[in-house]
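Work the whole structure out from these sequences, hints included.
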Amino acid sequence: MQLKFQVKGMDFSRAGQAATKIKKALQLAGMDPATMRKAIIIAYEAEMNIVIHAYHGTLTANITPHKVEIIAEDVGPGIPDIPLAMQEGYSTAPPHIREMGFGAGMGLPNIKKSADELDIQSEVNKGTKLWAAVFNN
Amino acid sequence: MQQYFHSVRLDEEKCKGCTNCIKHCPTEAIRVRKGKARIIEERCIDCGECIRICPNQAKLAITDCLEKLKDFKYTVALPAPSFYGQFKPEVTPSRVLSALLALGFHDVFEVALAAEAVSWAIRHYMEVCVDRPRPLISSACPAVVRLIQVRFPSLLEHIIPIESPMEIAGRMAREQACRKTGLEPDEIGTFFITPCPAKVTEVKQPSEGRSSVDGAISMAVVYGALLKRLEMPAPYPVAPRASGVGIGWGRAGGENEAIKAGSLLAVDGIHSVISVLEEIERGGLTDIDYLEAQACTGGCIGGPLVPQNPFVARVRMGNLVKLYSAGEPGDFPRDFDYYRLKTPIPARPALTLAKDPQVALARLEEAERICAELPGLDCGSCGSPSCRALAEDIVQGYARRSYCIFELRERLQQLAEEMVELAQKQPPAMGRDWKQTRDGGGETD
Ligand code: SF4
Ligand code: SF4
Chain A
21 MQLKFQVKGM DFSRAGQAAT KIKKALQLAG MDPATMRKAI IIAYEAEMNI VIHAYHGTLT
81 ANITPHKVEI IAEDVGPGIP DIPLAMQEGY STAPPHIREM GFGAGMGLPN IKKSADELDI
141 QSEVNKGTKL WAAVFNN
Chain B
1348 MQQYFHSVRL DEEKCKGCTN CIKHCPTEAI RVRKGKARII EERCIDCGEC IRICPNQAKL
1408 AITDCLEKLK DFKYTVALPA PSFYGQFKPE VTPSRVLSAL LALGFHDVFE VALAAEAVSW
1468 AIRHYMEVCV DRPRPLISSA CPAVVRLIQV RFPSLLEHII PIESPMEIAG RMAREQACRK
1528 TGLEPDEIGT FFITPCPAKV TEVKQPSEGR SSVDGAISMA VVYGALLKRL EMPAPYPVAP
1588 RASGVGIGWG RAGGENEAIK AGSLLAVDGI HSVISVLEEI ERGGLTDIDY LEAQACTGGC
1648 IGGPLVPQNP FVARVRMGNL VKLYSAGEPG DFPRDFDYYR LKTPIPARPA LTLAKDPQVA
1708 LARLEEAERI CAELPGLDCG SCGSPSCRAL AEDIVQGYAR RSYCIFELRE RLQQLAEEMV
1768 ELAQKQPPAM GRDWKQTRDG GGETD
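Heads up: the protein sequence lines correspond to chains A and B, in order.
In terms of this note's numbering, the first sequence opens at residue 21 and continues consecutively.
In terms of this note's numbering, the second sequence opens at residue 1348 and continues consecutively.
Possibly wrong hints are sitting among the right ones.
Stated by the list, open to error - The calculated DSSO-like cross-link candidates involving lysine-lysine, where the alpha carbons are at most 27 angstroms apart (straight line), are:
hint: 1; chain 1: B; residue 1: 1420; chain 2: B; residue 2: 1435
hint: 2; chain 1: A; residue 1: 44; chain 2: B; residue 2: 1370
hint: 3; chain 1: B; residue 1: 1420; chain 2: B; residue 2: 1607
hint: 4; chain 1: B; residue 1: 1370; chain 2: A; residue 2: 41
hint: 5; chain 1: A; residue 1: 87; chain 2: B; residue 2: 1702
hint: 6; chain 1: A; residue 1: 41; chain 2: A; residue 2: 87
hint: 7; chain 1: B; residue 1: 1575; chain 2: B; residue 2: 1415
hint: 8; chain 1: B; residue 1: 1575; chain 2: A; residue 2: 44
hint: 9; chain 1: A; residue 1: 41; chain 2: B; residue 2: 1420
hint: 10; chain 1: A; residue 1: 24; chain 2: B; residue 2: 1702
hint: 11; chain 1: B; residue 1: 1607; chain 2: B; residue 2: 1669
hint: 12; chain 1: A; residue 1: 133; chain 2: A; residue 2: 28
hint: 13; chain 1: A; residue 1: 133; chain 2: A; residue 2: 87
hint: 14; chain 1: B; residue 1: 1689; chain 2: B; residue 2: 1551
hint: 15; chain 1: A; residue 1: 132; chain 2: A; residue 2: 28
Treat the hints as calculated values from the structure; they're not laboratory data.
This is the structure in structure tokens:
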């Protein structure tokens, strides 16, 4: 089954709502707690990445009994150097976002830690597509 | 399988089926059916929110009564720390404890004393087990533990594997009573004076085999019975052994004040607890070492079975904490294993749509579809807490679409239109144009 949500850049008042809905769905579907936790972290960080960095985008969850896929696609500045962005603490978030307690440069590293498989494609000045999978054992 | 026990029940006589409670339940455990609120047993975490909200006092907590003392040769009262805050300043803890003896208990063991010991154990665990996922979450409030079992199973590994002060108090009290009297352990009855139904459930259905506490009596009941005995002479006067550190556990923030190590966060009120747990679930708050989380606003002094106004109790607790702050830490075992939870706390997957994930997913998809068609007003008239919950109930076979009064109204409207149309079709004898033909004739339109 598929769940799809629109995410707006800079909309902090609704940030995290899509991830919360995905969590609820995973719980109703009876996913393993460990799968749930990993998928929530990925969904939340991916959603926040769109809110912080992009203009707008979508967050999608594909749920099957064996696997949860989280896909985040955005229209935005893109990531020039993906390996660098994967490093803990590396952040391009502007100071006013950091002052709000977001953009600590843990987004992608956290996603990497939680995902069983991960693929990130990005084009500068166009946008980013993140695909992550968690296997449900 | 053992039937699931929980303390919060419905008084059918008093319930008017008003649906006030269904929206406040943190686990969506209540439905109104046939004009009465029903609690879905395995979802209830005994937080008592529905007791507070019910305008008809139709929700109650099953607790033990004082008669149960007769079942034991020797009985020990275990007053919760919050109990001290229920009395006027001139009624000192010593008088309160002595009056418990006048009430019929043979001895008293303060849970506040066990709380001091547990504070030590928590500090010890935090120092030794630095590799455990952070933040560690307190295990003291059973409503929060059940909430995690039901709604946040992935956070179970964050719960600190230490028994609650109540459990430890029961154990210490029994050991002490055995030494004093020479009786067998099961001849001794330990009775917790409880601020809440959640603790009753912890006693009746603990996460480990058996509780060290034999009964839980409502604080409001004991308070009422005690007021009359405050003036009576006690068999012997009891001096409180707990210091301010342990007494403080009875109110929000007190547990953290007692631990005083690492970075600590305290949250109270079930809905605030939920938002903090959500934050932890999505990977946040890893900079916090320990989370004190209490289901009741204000902590245990805000418990559903507490007689005194929680704001008044809070001030009184604060004064007592100050008054007894100089007290020496009590005498308790400095062996961590004494406090350790022996078995892991299991998840309670009471929110899934079906056991089989394939079926659950199919139902989820169906529920999404139905939910999109429902009016989305969350009015509660169907007896489910929200349109979303109704859709989930429908796919599980617990409800029908016609429970939605808006859908029902629409269908009635259609039916009414059809009836009007039918009603306009007058019989020929009442003046409708009629065209005679050989085979009987018919209407002219
Ligand atoms: S006690 Fe709490 S969990 Fe149980 S039915 Fe009432 S509100 Fe729901
Ligand atoms: S906060 Fe205290 S009184 Fe309230 S449910 Fe938890 S343990 Fe019981």
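So, going through the hints one by one against the coordinates:
1. B:1420 to B:1435: Roughly 33 angstroms separates the two Cα atoms, so the pair is violated.
2. A:44 to B:1370: Distance of about 17 angstroms is within 27 angstroms: holds.
3. B:1420 to B:1607: Violated. Residue 1420 of chain B to residue 1607 of chain B sits at ~40 angstroms, over the 27 angstroms cutoff.
4. B:1370 to A:41: holds (18 angstroms)
5. A:87 to B:1702: holds (17 angstroms)
6. A:41 to A:87: Since the Cα atoms of residue 41 of chain A and residue 87 of chain A sit roughly 17 angstroms apart, the hinted pair holds (cutoff 27 angstroms).
7. B:1575 to B:1415: holds (20 angstroms)
8. B:1575 to A:44: Violated: residue 1575 of chain B and residue 44 of chain A sit about 51 angstroms apart, past 27 angstroms.
9. A:41 to B:1420: Answer violated: residue 41 of chain A to residue 1420 of chain B is near 55 angstroms, above 27 angstroms.
10. A:24 to B:1702: holds (25 angstroms)
11. B:1607 to B:1669: holds (16 angstroms)
12. A:133 to A:28: holds (25 angstroms)
13. A:133 to A:87: Satisfied, since the Cα-Cα distance of roughly 17 angstroms is no more than 27 angstroms.
14. B:1689 to B:1551: Distance of about 18 angstroms is within 27 angstroms: holds.
15. A:132 to A:28: At roughly 23 angstroms apart (the allowed maximum being 27 angstroms), residue 28 of chain A and residue 132 of chain A satisfy the hint.
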